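Chemist: Sequence:
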Amino acid sequence: MRPLSSLPDPTRPARRAARRAALRAGGVWDRIAERFNGLGLNENTILLGFAVAIGVAGGLGAVVFYSLIDLAFWILYLTPAVYLTQSGILAYRPLLTGIGLTLAWAIMKGPGRGHEGLNVPDIQRAVAREGGRVPPRPAL
1 MRPLSSLPDP TRPARRAARR AALRAGGVWD RIAERFNGLG LNENTILLGF
51 AVAIGVAGGL GAVVFYSLID LAFWILYLTP AVYLTQSGIL AYRPLLTGIG
101 LTLAWAIMKG PGRGHEGLNV PDIQRAVARE GGRVPPRPAL
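Numbering-wise (this note's numbering), the sequence shown opens with residue 1 and increments by one.
Quick caveat, the hints were computed from the structure, so don't treat them as lab data.
These numbers were taken from a predicted model, which means no experiment stands behind them.
Note that beta-carbon positions come from the ideal geometry of N, C-alpha and C, so glycine has one too.
Any given hint could be a false lead.
To be verified - Estimated spans, in silico, between C-beta atoms of each pair: (1) F50 / W105: 36 to 42 Å; (2) W74 / A25: 26 to 32 Å; (3) I99 / F36: 45 to 51 Å; (4) G26 / R125: 20 to 26 Å.
Just need the whole structure built from these sequences, with the hints factored in.
Modeler: This is the structure in structure tokens:
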């Protein structure tokens with residue numbers, strides 16, 4: 001049996017590609033930062049610009065979220081009402097609810113690892129006492 005040190009490292013190409021991508025992204029970020037710093041804006045203007053950008057992105061995110069809820073309602077609730085009979089709808093809706101509950105259970109047992117999810121006090125505690133380290137599993 002060969003010693004482990006003489007075996008080729010299978011992760012070397014991936015690590016090399018990741019290093020090249022990070023260097024390339026760093027170069028792009030440096031050029032963006034140089035242009036941004038060349039504008040000569042004061043700190044308040046920069047902070048206000050970031051606040052507006054974050055607010056607009058959050059608002060658009062909410063609009064997209066509600067649009068996706070409407071789309072799911074249309075696909076899963078209204079469309080079957082056109083194609084199914086009355087007795088089919090009576091069987092479909094509880095079946096759909098059961099599938100949704102099973103899917104939610106599988107997500108919470110698998111990736112969620114049984115965690116209920118984070119709420120505002122959990123995030124406040126993480127910021128105040130744990131240096132802002134929020135556990136990624138329940139947050140996603």
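Chemist: Determine for every hint whether it applies to the structure shown.
Modeler: Checked hints:
1. Separation of F50 from W105 is about 40 Å and conforms to the stated range, judged on CB atoms against 36 to 42 Å.
2. Roughly 39 Å separates the CB atoms of W74 and A25, a value that falls outside the hinted 26 to 32 Å.
3. Between I99 and F36 the Cβ separation comes to about 49 Å, which falls inside the hinted range of 45 to 51 Å.
4. Our hint of 20 to 26 Å for G26 and R125 is violated, since their Cβ atoms are close to 34 Å apart.
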